[in-house]
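Numbering follows full-length UniProt numbering, in which position 274 of the sequence shown is assigned residue number 274; successive positions increment by one, without gaps.
To be clear, the hints were calculated from the coordinates, so they are not data collected in a lab. A virtual CB, placed ideally from N, CA and C, is assigned to each residue, including glycine. Watch out, some of these pointers could steer you wrong.
Derived DEER-like restraints, expressed as beta-carbon distance ranges [as the list claims (entries may be wrong)]: (1) Gln247 <-> Phe89: 48 to 56 Å; (2) His356 <-> Asp134: 40 to 48 Å; (3) Asp330 <-> Gly210: 19 to 27 Å.
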Amino acid sequence: MAVGATTVFVQTFGPTTNPAVGGTPTVRMPFVVTAAINTSNTTVGFADSDLYGMTPDEIDRTLDEMQAMGVNNVRILIPWAGVELVDDFYYWDTVDYIVEAADSRDMGILGVLNSTPAWATEPGLPAVISPPADYDQYAEFVGRVAERYAGQVSAYEVWNEPNALFFWAPAPDPAAYTELLQTAYPVIKAADPDATVIGGAVGSVTDVPGLAYNPITFVEGMYDNGAAGYFDALSLHPYQYTLPFSQGKPYGAAAPVTQLETMYELMAANGDADKQIWASEYGEPTSVVDEATQAAFIQDYLDTWSQYDYTGPSFIYTTRDRDTDSTVVDDTFGVLRDDFSWKPAAYVIQRWTDTHPQTAPETVALTATAEELAPTAVPRSVSTAMTAATAAETAQPEAVASTADETETRTTESTRPTRRTVTEPADTDRLERTERTERRNERTERSDRTQRTERSDRRDDRRERANDRSDRRDNDRPSNNRRDNDRRDRSNAA
Numbered sequence: 001m002a003v004g005a006t007t008v009f010v011q012t013f014g015p016t017t018n019p020a021v022g023g024t025p026t027v028r029m030p031f032v033v034t035a036a037i038n039t040s041n042t043t044v045g046f047a048d049s050d051l052y053g054m055t056p057d058e059i060d061r062t063l064d065e066m067q068a069m070g071v072n073n074v075r076i077l078i079p080w081a082g083v084e085l086v087d088d089f090y091y092w093d094t095v096d097y098i099v100e101a102a103d104s105r106d107m108g109i110l111g112v113l114n115s116t117p118a119w120a121t122e123p124g125l126p127a128v129i130s131p132p133a134d135y136d137q138y139a140e141f142v143g144r145v146a147e148r149y150a151g152q153v154s155a156y157e158v159w160n161e162p163n164a165l166f167f168w169a170p171a172p173d174p175a176a177y178t179e180l181l182q183t184a185y186p187v188i189k190a191a192d193p194d195a196t197v198i199g200g201a202v203g204s205v206t207d208v209p210g211l212a213y214n215p216i217t218f219v220e221g222m223y224d225n226g227a228a229g230y231f232d233a234l235s236l237h238p239y240q241y242t243l244p245f246s247q248g249k250p251y252g253a254a255a256p257v258t259q260l261e262t263m264y265e266l267m268a269a270n271g272d273a274d275k276q277i278w279a280s281e282y283g284e285p286t287s288v289v290d291e292a293t294q295a296a297f298i299q300d301y302l303d304t305w306s307q308y309d310y311t312g313p314s315f316i317y318t319t320r321d322r323d324t325d326s327t328v329v330d331d332t333f334g335v336l337r338d339d340f341s342w343k344p345a346a347y348v349i350q351r352w353t354d355t356h357p358q359t360a361p362e363t364v365a366l367t368a369t370a371e372e373l374a375p376t377a378v379p380r381s382v383s384t385a386m387t388a389a390t391a392a393e394t395a396q397p398e399a400v401a402s403t404a405d406e407t408e409t410r411t412t413e414s415t416r417p418t419r420r421t422v423t424e425p426a427d428t429d430r431l432e433r434t435e436r437t438e439r440r441n442e443r444t445e446r447s448d449r450t451q452r453t454e455r456s457d458r459r460d461d462r463r464e465r466a467n468d469r470s471d472r473r474d475n476d477r478p479s480n481n482r483r484d485n486d487r488r489d490r491s492n493a494a
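Model the full structure from these sequences, guided by the hints.
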């Protein structure tokens, strides 16, 4: 399977920033077990859009490296332009593989729903980075996704950084984005009521007319256009390449830490004080700073973010460099180098997860009736599919340098701590996953049949209307012929 076959058509996310448990053995009933994302503000995941362009072996190794760092949550790309490149033709293989690979490791999954295919884009606008011409077509796609991955993907993010031109052409528009959110939210909830829907996904930029909205201005515009009630949490991408997250306040409204605080004040003023702000992307490129500074900035960010009582999980962008030696910013965000060796930042994350629990309890969606439930049902213990590796605990690296002056020798594969081992799932777990896959395929087939029938009915209606118009034209022709003959007769008589 060529997993990366459609990568050229999709949009990877990245910064646009300024410098449950299951049922009981005694009750037979359908259920879906989801490895939920731990919404604690000490939870760390990885935002890795590059998974979509990887081979299966690369996907597996990347997820294993995440778990070696103690990370059990991943933000993935579910690109409309990659899945439905051609109208009504769906290529699910790549996303299926990524979701199955993460789910088999009991990882919580956040899926980003973006990237408009060319056929669904307004004529004259660029595909992928423009919003859809017809929001109902986007809703049809996200509904299919939520139905297909119910029980595997626990959260969805509607678009990525719509407050900047780079992801919303020809110009960002909070009213238009709010309409997209209002269209998508009920569709996702109808397909998977347990899914968490994240709105906003705003980048930490400043106001530039026609190009970008400060995230506060943008979120305020969302509320002004009726966004309240159409998201379960908001998300922010608090990038700042040249300054630690905690030290931004002197820079006022342009600082990500100030934007975070102001965003929550805005949420509280609009009745959403009980909702979280997630950081669905944060990172630091080592083409801008050295590796020790990257590690220090990530440590500072984790320390600071976790002090707020309204913040949720963080997703570090990203796992591995595209090209470690590149001077291009987007190539060097990884906490691993392109050869999979660990940068100092990887050890920062590993030590963080060692001292902060990362795995959320599994949740379960039951379809059994009350009469089917056993009164003595006992919840099953959640399995994290991870075992403690004492070798990894005793082979800790030296403390990461906290200043940009100090240098660190690159850690090679041979000196990296032993990876935490991933246990082979039990036969019952494999059976559950197989059954989930079969049910998902059945749901998709039923949905496809229903939609094909509806489209066929619409085509038949259009043909009938066209035939009616043709019949009316044919009926009009004798009258027209008589009028023509009458005119000729009058002309001859004259």
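Going through the hints against the structure:
no.: 1; hint: Gln247 <-> Phe89: 48 to 56 Å; in the structure: holds, 50 Å
no.: 2; hint: His356 <-> Asp134: 40 to 48 Å; in the structure: holds, 44 Å
no.: 3; hint: Asp330 <-> Gly210: 19 to 27 Å; in the structure: holds, 23 Å
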